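Enquirer: Residue strings, one per chain:
Protein chains: 2
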Amino acid sequence: MTAHESNERHSRRLGTNESAVRRRSAGQHTVRRHNLALVLGEVAGPQPLSRAGVAARTGLTRGTVSSLVEELIGAGLVSELAAARGGPGRPASPLQLDPRGPAGLGLEVGVDAVGACVVDLTGTVRAQRTARSDHRDDAPDAGLATVAALAREVVAQARLPIAGATVALPGVVTADGVLERAPNLPRWVDVAVGEALRSRLGGLPVRPGNEADLAALAERWAGGPPDAVVVSGGIGVGAGVLLDGTLFAGAGGRAGEIGHVVVEPDGRACHCGGRGCLETVAGLEALLDRANAPDLDALVATHPDAVRAAGRALGIALAGAVHLLDVPAVVLGGAYPRCGPLLLDAVRAELDARVFSRSRVDVRFSTLGPDAALRGAATTVVQEVLADPGAVLAGNGVGAAGTSL
Amino acid sequence: MTAHESNERHSRRLGTNESAVRRRSAGQHTVRRHNLALVLGEVAGPQPLSRAGVAARTGLTRGTVSSLVEELIGAGLVSELAAARGGPGRPASPLQLDPRGPAGLGLEVGVDAVGACVVDLTGTVRAQRTARSDHRDDAPDAGLATVAALAREVVAQARLPIAGATVALPGVVTADGVLERAPNLPRWVDVAVGEALRSRLGGLPVRPGNEADLAALAERWAGGPPDAVVVSGGIGVGAGVLLDGTLFAGAGGRAGEIGHVVVEPDGRACHCGGRGCLETVAGLEALLDRANAPDLDALVATHPDAVRAAGRALGIALAGAVHLLDVPAVVLGGAYPRCGPLLLDAVRAELDARVFSRSRVDVRFSTLGPDAALRGAATTVVQEVLADPGAVLAGNGVGAAGTSL
Chain A
1 MTAHESNERH SRRLGTNESA VRRRSAGQHT VRRHNLALVL GEVAGPQPLS RAGVAARTGL
61 TRGTVSSLVE ELIGAGLVSE LAAARGGPGR PASPLQLDPR GPAGLGLEVG VDAVGACVVD
121 LTGTVRAQRT ARSDHRDDAP DAGLATVAAL AREVVAQARL PIAGATVALP GVVTADGVLE
181 RAPNLPRWVD VAVGEALRSR LGGLPVRPGN EADLAALAER WAGGPPDAVV VSGGIGVGAG
241 VLLDGTLFAG AGGRAGEIGH VVVEPDGRAC HCGGRGCLET VAGLEALLDR ANAPDLDALV
301 ATHPDAVRAA GRALGIALAG AVHLLDVPAV VLGGAYPRCG PLLLDAVRAE LDARVFSRSR
361 VDVRFSTLGP DAALRGAATT VVQEVLADPG AVLAGNGVGA AGTSL
Chain B
406 MTAHESNERH SRRLGTNESA VRRRSAGQHT VRRHNLALVL GEVAGPQPLS RAGVAARTGL
466 TRGTVSSLVE ELIGAGLVSE LAAARGGPGR PASPLQLDPR GPAGLGLEVG VDAVGACVVD
526 LTGTVRAQRT ARSDHRDDAP DAGLATVAAL AREVVAQARL PIAGATVALP GVVTADGVLE
586 RAPNLPRWVD VAVGEALRSR LGGLPVRPGN EADLAALAER WAGGPPDAVV VSGGIGVGAG
646 VLLDGTLFAG AGGRAGEIGH VVVEPDGRAC HCGGRGCLET VAGLEALLDR ANAPDLDALV
706 ATHPDAVRAA GRALGIALAG AVHLLDVPAV VLGGAYPRCG PLLLDAVRAE LDARVFSRSR
766 VDVRFSTLGP DAALRGAATT VVQEVLADPG AVLAGNGVGA AGTSL
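Those protein sequence lines, which keep their order, are chains A and B. The first sequence begins at 1 in the working numbering and counts up by one. The second sequence begins at 406 in the working numbering and counts up by one.
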């Protein structure tokens, strides 16, 4: 897969075909833009490089590299550390991504929570806020106002220029950036969340994405397996499917809705309108309801059978996913790591018994915690800046917004 | 998706990374090869074109087109019809694909049948034989000998040069062309079917593919929907997943194993080692066993409940597939069309009740009949010749074999 192809898929999945970045990329300065991205990619790499080092690795001339580096420094994307004598000849100044440069704003509207965070160019979280906020009975406006307020707080706190935002949503986001439906938010139907937040945030570009997809990308960026089903367990249960390290979109960007795979054909009614979906057994609320437990920690301590039943249901749905998608690994995230080895063992036992088409499926818990989708949302913006710094230099697309919203 | 990308995926799915065609495609004559394919593609199009017509449509000069057409005629790929006066000026001779040109050999080793057919460049079946032959208790050698004998018969009958062969298999074919496992053929484990048949067929290149995948491609080439799950119902139940008109491979080429999606968690033992797989309810043999019916026609006439139960199980598994893969259409092939509206209505009802993430799923029967995979297998070879006629002209890769095996 080419990088372009990969980006195409990715952005299709994240809900827009027309980011300002890509719209401009067929312009006159294609070679220069390509080289800017090449140089920035080297600066972002694991080992510190001087201008000479970048030239050696890219095959560009010293002069070209210096000119491009000056532009990147001018745009606040790169900074140059104090010169260090690196052998004979002139002193070499290591280059680095500038932590004061354009940052990514991640937002999340969950079923019963909201969140906002700012991640800088180096990948460091510079500000983060999450809050309880139940949206099950509300119209979208209330939830959007809440998350917009939180966004303003973290941006004020981070004091960085904001390149753009991605908002994680607990439902189906179509290729054109509309939240089509969220089974646990019955009043959120066909909501143009990106547009609505953009107007609440002073024109900042806001792209909507499915929360499980963004958590899956975060998993990958944290070093997770390139081919995997990454399950996000909460009140709703979703998954992001990674193939070759990028999100699998399916035909229309809705792929990965594992929460509505049937595990009990005659089971309980699901919020989606179906019956016996995975979510009715292994969704957080369903799990607590069935065991009549006040919270997850109490459940794990006192109702091991309920945890095992959830693990079995997860294993049944995942066996289907492995057979249909042919993925060698499963990552269980969201609230699932809090269920501990009882859950993990039950999932593994079910997959071992049911998957015939490949050697043992690698099943593990996510180590990213419940904020994976939020962090993933912010990081998509940073990744986009790194992939096309020319858009920032051109002063349009991402990077156009200032420090206040 | 680029054509190259599409081909990469396709061939990955069909079980080889090293077809002779592609190995040579980075050679010195890239532009000429590209133009040969371009011209042949125009000749293969829906309306008859003369050399002038091809020049007009491709932007190549008349001289270039004539030279390329002469090469294609020389290789037996194109023939020129008698001149017809097409307006003022010189008479225009319509070009066509040569039905005497290099043909594709399709082979199939099913659970209880074998088949072979020859499809010419124009897509016409020129010879076909199928026979009952049960391989459930046999080692692979017996089945391979049977299908090789059938191959020799159809090739002798068709009297065409054979460009290559694809063999459809009822199991998991890995990216490197090995039949990894076929749940209904317990002794066929890790069999290099392509190599084995090649040596039995005088060195003819033979590529293995999953039968449901090849049936799905046949469906697409017959004008079916570009995004669909194409289910192949027999003793085993498999599916080929089409996205953007090409096969979805998953991470390792094994995607689409819908027969082992769980529909009855505590159901009957499956040949795969699991329990309650779709195949245990909607596989042909399971269906007949459950109703104690002698054949499918008797079953449909006398046991409507069994047919409805199979339809319900198919609907449950397909609801999962639609949620995971996000496909808008389902085609039911193999033996399923013989079950009639009882089955179709049950599948539709289940999908309508269970799929929340998109508007109604289009469910239809295949009209290709039980030979879809066999025809698809032969057509993959023809498609490959059309995509790279330069390989035939070079006398290597497909097209090197003669009329006798």
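Worth flagging that the hints you see were computed from the coordinates, not collected in a lab. On a predicted model such as this, the values are computed, not experimentally measured, just so you know. Hints are supplied without guarantee of correctness; some may be wrong.
Counterexamples of contact, computed for chain A against chain B with all Cβ distances above 10 Å [claimed, not checked]: (1) GLY76; (2) ALA82; (3) ALA127; (4) ARG159; (5) ARG254; (6) LEU288; (7) PRO294; (8) ALA317; (9) HIS323; (10) PRO328.
Which chain B residues face chain A? A few, computed with CB under 8 Å, are given here [unchecked claim]: (11) GLY655; (12) ALA698; (13) LEU701; (14) ASP702; (15) VAL705; (16) ALA724; (17) GLY725; (18) HIS728.
Glycine residues also receive a C-beta, built at the ideal position from the N, C-alpha and C atoms.
Enquirer: Holds or violated: is the Cβ of B/VAL705 closer than 8 Å to a Cβ in chain A?
Expert: violated (23 Å)
Enquirer: Measuring from the C-beta of B/ASP702 to each C-beta in chain A, is the shortest one below 8 Å?
Expert: At 28 Å from the nearest chain A Cβ, B/ASP702 fails the 8 Å test, so the hint is violated.
Enquirer: Minimum Cβ distance from B/GLY725 to chain A below 8 Å?
Expert: At 4 Å from the nearest chain A Cβ, B/GLY725 passes the 8 Å test, so the hint holds.
Enquirer: Classify the hint on B/ALA698 as holds or violated, based on whether any CB of chain A lies nearer than 8 Å to its CB.
Expert: At 23 Å from the nearest chain A Cβ, B/ALA698 fails the 8 Å test, so the hint is violated.
Enquirer: Any Cβ of chain B at or closer than 10 Å to A/ALA317, or is the non-interface label fine?
Expert: violated (7 Å)
Enquirer: With d taken as the least Cβ-Cβ distance between A/ALA127 and chain B, does d exceed 10 Å?
Expert: holds (34 Å)
Enquirer: Hey, is A/ALA82 genuinely clear of chain B, shortest beta carbon separation above 10 Å?
Expert: holds (46 Å)
Enquirer: Do the numbers back the hint for B/LEU701, that is, is its least Cβ distance to chain A under 8 Å?
Expert: violated (24 Å)
Enquirer: Classify the label on A/ARG159 as holds or violated, using whether its beta-carbon is more than 10 Å from each beta-carbon of chain B.
Expert: Non-interface label on A/ARG159 holds, nearest chain B Cβ at 40 Å vs cutoff 10 Å.
Enquirer: Using Cβ atoms and 10 Å as the threshold, tell me whether A/PRO328 really stays out of contact range of chain B.
Expert: violated (6 Å)
Enquirer: Is the hint on B/HIS728 kept, meaning its closest Cβ partner in chain A is under 8 Å away?
Expert: Result: holds, 4 Å to nearest chain A Cβ.
Enquirer: Taking the closest pair, is the beta carbon of A/ARG254 still more than 10 Å from chain B?
Expert: violated (4 Å)
In summary, the numbered hints that this structure violates are 5, 8, 9, 10, 12, 13, 14 and 15.
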